[in-house]
Each structure stands twice: as C-alpha cells, then as structure tokens.
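Model the full assembly from the supplied sequences, consistent with the hints where possible.
These protein sequence lines are chains A and B, in that order. First residue of the first sequence? That's 3 in the numbering used here, and the numbers climb one at a time after it. First residue of the second sequence? That's 81 in the numbering used here, and the numbers climb one at a time after it.
Worth flagging that the hints you see were computed from the coordinates, not collected in a lab. One thing to keep in mind: the hints can contain errors.
Some, not all, of what chain A presents toward chain B, calculated at C-beta under 10 angstroms [said to hold, decoys possible]:
| hint | residue |
| --- | --- |
| 1 | M3 |
| 2 | D244 |
| 3 | W246 |
| 4 | R247 |
| 5 | I294 |
| 6 | F312 |
| 7 | L326 |
| 8 | Q379 |
| 9 | I382 |
| 10 | A384 |
| 11 | Q385 |
| 12 | G389 |
| 13 | G393 |
Distance ranges between label pairs, derived from CB positions [stated by the list, open to error]:
| hint | chain 1 | residue 1 | chain 2 | residue 2 | range |
| --- | --- | --- | --- | --- | --- |
| 14 | B | T230 | A | G389 | 33 to 41 angstroms |
| 15 | B | A84 | A | A150 | 50 to 58 angstroms |
| 16 | B | E128 | A | P74 | 51 to 59 angstroms |
| 17 | A | E120 | B | S93 | 42 to 50 angstroms |
| 18 | B | T95 | A | P83 | 23 to 31 angstroms |
Since the structure is predicted, the reported quantities are computational estimates derived from the model, not experimental observations. All residues carry an ideal CB built from backbone N, CA and C; glycine is no exception.
One letter stands for each residue in the lines below.
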Amino acid sequence: MKLAWSAEDEAFRAELAAFLDQHAPPEAVEYGRHLADESSDGGAPPELLPDWARVWQATLFDHGWMVPGYPPELGGRNATPTQTLIYLSELAARDVPRSLHFPGYAIVGPSLLEFGNEEQRGLAPAAIRGDAVWCIGMSEPNAGSDLAGLQTRAVQDGDTFVVNGQKVWTSYAMIADRCMCYVRTDPDAPKHKGISVLMIEMDTPGIEVRPLRHITGAAEFAEVFFTDVAVPAAHLLGDVNDGWRITTGSLAHERGGLWVPGVARCRHTVDELVGVAKARGLDADPGIRREIAALYEEAASLWALGHKGFAAGAGGAEHSYMKLAYSELLKHQFEVGMTLHGPDGAVTSGEPGDPVWWRRFFASFAGTIAGGTSEIQRNIIAQRVLGLPRGA
Amino acid sequence: MDFALTDDQQLLSDTARSLFTNEYPLSVVRAHADDPSAADPLWKHLTEWVALGDGPLVDLCLFLEEAGAVLAPGPFFATAALYRPVVAALGREPAATGTVAVAGESGEWVASADRVRRFVVEADAVEEVVVVVPGGAIITGPLPARPVETLDSTRRLFELDVPMGEHAALPLDPDALTGCLERATVALSAELVGTARRILDMTVEYAKERVQFDRPIGSFQAVQHKLADMALDVERATAAVYYAAMAFDAGDADRHRAAHVAKAAAGRAARRAAKDGIQIHGGIGYTWEHDLHLFMRRAYASEFLMGSSDWHHERLAGLLFD
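Take a look at the structure:
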C-alpha cells in the first residue's frame, strides 16, 4: 500500500496533462462544471451533441486518448488498467468530459467488438470516435428493473426482421443514426432466453421518436415507437435468442473505473457547498459545518474505496457499492444545496451562471434509478457479494 | 494511490489474524471483565509486536484491525499506538508498557494543561505515563488511577491527577504532537473497523442460518438491504483508514483531513453495524449470553474515545471552512 504511483505511471499522467492543457476545449470545462444547470424550462431543448463535443471526441480518438486501454486503431494506446484509472481521475479532476455521448464508446463499441461478425466489428471505430451516433433501445414501459421482461417483438420473415413495440428512456434517440435495440424473438422461451439484439437504422420507415420531458422540464430522453419496422437479418448482433448476454457488454477494462466521474462530482460538490455556506453567511453555523463535513467524509472515503476496489480487481458486483453510494450521496448533497438557500430553496429563477441546486437535485434521481436502481444495487450486494439467498 | 498489499503486509495481516483468533477467544474477553489478569498470558504473545508502533502506520493498522475483530483487551493499543510514537518524538527510549494522558476536564482529545486527566487507557497496567501538555509532555512512572466505568470492559479507562509541578515538561513540537495524536486516532479507527467487520460477518452468517416463515431471514429484502448498507459503510471506512495510514506514511498534506475522515467513517460504520446487527439477530441478540453485545459495547466505547464522529466532523469543518 502506498500513496504514490510508479514513475512510469506518473509519466503517463504528465503526458496526458500536457495533452489536455493544449487541446481541451474551454466548452468542455464549462460543460463539466455546469452539468444539468442549463435552463430548459419550456425553452429550446439543450443541444445534445454540440459541434465542439464531436470535434473533441474525434481529437481524443486520433491522439489515442479516447479509450486508452484500446489499441491505437480504436482510439487508445494500450494503457494498463492503472493508467486507465489515472486517465479517468485526471479528466475528472479537470471537469473535462471525454464525450457527451456515452452509448457509442462505452456500450456499442465494446459490444460490436465482442459479439459482432467481421463486418459489424468494422462499425466499432466510428462508434467510439463519435462519427456515428448510437442510441440503446433497452427500457420499455413494462420493462424497467425487470429488463429481461421486455416485450418489443421481432418476427423473422426471410432475411428480414419485422419489429413492433416501444422503447422508453432512450438517450440520444432524437439525433441517433442507429439504435442497438433489444427485441423479443422467442416469446415462448424463458424470458432471458428469447431476446436478440438488432442494429436498426433510425431513418427506417415505421420509427417514431417522441422527446420525453423529464422531471426537470428538460427533454434529454425519448420514447421510440416501432411499427412494422423492417430490419435486414444481417443487422442481427450475435445469435438469435442470445442477446441477454450482450447487456453486459460495456468496457471491461474500464469497469474498475466507472465510479470515477461520479465520485469526483461528489468531491467537487462538497467544495461548492462550502462556497454556498460562506456566501450565505452560514459558515459559523455548527450544524451546517458538521453536515457539510459529513458529506466530505463520505465523498473522501468513497474515493478511497474506489481505489481500494480497483486494486483488488473488484469487478461487477462490487461496483454496486460505488454506484449505490455515489448516486445516493450526490442526491443528498444537492438537497443540502437547496436547503442552504433557506426560504429561497424552492425559487427557480436564479441568477444566470449560479449552480441551480433544485435542478441538480431533481436530475440526480436519474442516478439512483437508471442503470439499476439503488434497491437493485442493494440486492446485488446482498446476494452476489455477501452471499445471501435469493428471495422467494 | 495503490491499495494492494505487499507480500509482507499480507503476511503481517494473516499472522495477526491467526494470532488473535487463536489466542483471544471470547471466553477470555468475558473472564477479563471480572479479572483483568485473565488477559495476561495473551499479552505475552503481543509484547514482541509493540514495535509496530514505531514503523509504518499501514502495518500497525493491519495488525489492529485483527485485534479489533476479537476485542483484544490489554495494554497493546496504549503501548504501540499511543505511547511509543510520543516517546520517540520526545527522543526517549520506551519502557515495556506505557500510555498517554491527553484529555483534560473537558474530555476533548486535545493537549490540555489540566491537572485532571480523563479517559487514560490502561493507566494502572503500564510502567510509564506520558502526560501531554501544550508545547510538550511529561514522562512519569505509574500514577494513582481511578477506574472509569464505561460500556466496554475490554478497554479499561482511568482518571488521573497529575502532580504538574513535580515534573519538568520535555519540549515537543506542536506539529509533531498533533501528528502523534492523529496517528493514534487512525490506529483506533483501524481497530474499530475490525470490530465493525466482525459484527457484519456474524450478522450475515446469522441471516443465512436463521429460518423464519420457512426460509432464511437473509432472503428477505428488508434484511438484505440493511446488510448491504452495513457492508457499504464497513468497506468505506476500511478504505478511509488505509488511505489515512498511507497519507501519514507518505507525509502527505491531506493526512490531517484523512485522520478525521477515518475516525468519523469508522465510528459511523461501527455504530450502524452494531445497531442493525443486534436488530437482525432479534431476540437472541438481546441476551447477555450472546456475544454480540460485547461488540456493541466496544463499538460505542471506541466511537466516543479520541473524539466522536461529530467531534471529528467539527474539526474537519475547521479545515474545510477556516
């Protein structure tokens, strides 16, 4: 156990730092600092993927800094797991997002590489570089936590699948070129065994995308309706009825660092809360001082736990500790941010540029619901880490 | 920041675990409550390990975690974690056993000028007492000590009257003194994490075995979610303790904050583990016969020793705000 990284890994960090100093666009920093602060109440929806973000992602890819663990042809530099952790930490420390479009590089790219045939694997570089925009068709109105209960139907007719059904909470569907879509191909099989994955061109006739306004008033997600959508059978990813295992296809070598941006955000938020308390003349209030210190304690200890888990090679199930903890902590922190404003806590007309605590708080429920709710995370910890028996 | 144990650290941890589990059965803990000399044979096994207090804090923490898991009584903690680092900072050779008197009338874990010293660990079982005063420390032989009854018979606390005029204080740099006290706080946190993890392990095992409504109670979500939250707190606190220990060993500027984080996280984890542990054990956990209350006693007693979680949050706030 030691605090310092090796000289080799420090050199890696220095090279990254020099690259970021030179190339990171100011818009990226601005975006990272004001995530979820933009006003979109009834106004124009925020631009989901502005030009600077597309250029920035391509720049990272071309310099081998997009997914460092990958080889150069996939936007990386064959970095070690430790170097990948350093990479994620350095970006987080600077509030610089590497992409505003996570499905492409984090889910679609790795899935194509792991489960695709040769032609399909050829689509991976564009997905990771951000040249092609993908959405993921997973959740449905009746398939949330019980994702395997999805009902969107695909019926094979010769060399075509005909798709009917509805997806919901589909990020980027409004601007996506393609959808990696989970469909039921065998309604009679046990639910995990009748699912397939189709890659669907979003301009195919029969697809309707409706923006879905969520609780902050913004519309970053969409509902997608499929009516007799014809998909070439060649666009099947993996085998028929074998799609469930593709749900786990995220960046295996980055799984140990998935927590980094979330916990970094918790740490930054504590600093901001200290600032708010001072600005509002509450910094001598013992209760508020203790409350913010407790939030610091949680964020700091989570940062340590993430590194400890990484050293232990903690993969899937242990990540539930991190996901549960940082998403709940952020929600709590943002709520404290509102309460620090006293009677103004519910006022939504803030000064431009101010952190908008109510909007952060509202948006933070996405963290405790999406990607497996906090309750699902606790089930995973109990059953897969602690070894408790499954319920009836 | 690399949390992987070196081979030597792994060996130390494994050795400590087998030493403590073999030599400190809970029957001795119970016997020690009536007669402290019951733990004397066990102390002999530990004398060769007190020099851990002079080495890397990571090593001492790994050792104390295992001590905390069995509620080890005796002068080991006072000697290794408290006494030896202060004596070394004073430039003196240590006696075989010792303790440090810090808190004055207020009970706060800061250097005091008070004649009365409170919460002095194992004061009647050691050869030397170091009395910390602002700007220095006094080394004396044993002092008349009044036992303080606490929740926890496994760590004996005393109140002392220090004959202040009779001994000259040796000068001690305030930063060095702070370092010693914070280091000991991290060490106590490691011990506390060991206690919390043992409660978690006992409770998980019980939840797997105890059958009600024809199924193990550990299959019920209400129980599973309590255990998941307990486990998260224990994991978090363990990481916070190791991080703090690494920060001290590296002389990192973050070590002062990290010490407060470690103690607050360990205290909160231990309290939650104790409370929910007893709750999940149900009726059997409420009996004197079951060992769980021994762990709850230690958990709460350690939470209040050397600054409670609230106190450490206050001190941490001082570093964040001022």
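Status of each hint after checking the structure:
no.	hint	result
1	M3	5 angstroms, holds
2	D244	30 angstroms, violated
3	W246	23 angstroms, violated
4	R247	25 angstroms, violated
5	I294	7 angstroms, holds
6	F312	8 angstroms, holds
7	L326	7 angstroms, holds
8	Q379	8 angstroms, holds
9	I382	8 angstroms, holds
10	A384	3 angstroms, holds
11	Q385	7 angstroms, holds
12	G389	7 angstroms, holds
13	G393	5 angstroms, holds
14	B/T230 / A/G389: 33 to 41 angstroms	35 angstroms, holds
15	B/A84 / A/A150: 50 to 58 angstroms	36 angstroms, violated
16	B/E128 / A/P74: 51 to 59 angstroms	55 angstroms, holds
17	A/E120 / B/S93: 42 to 50 angstroms	49 angstroms, holds
18	B/T95 / A/P83: 23 to 31 angstroms	30 angstroms, holds
Against the hints set out earlier in the document, violations occur for numbers 2, 3, 4, 15.
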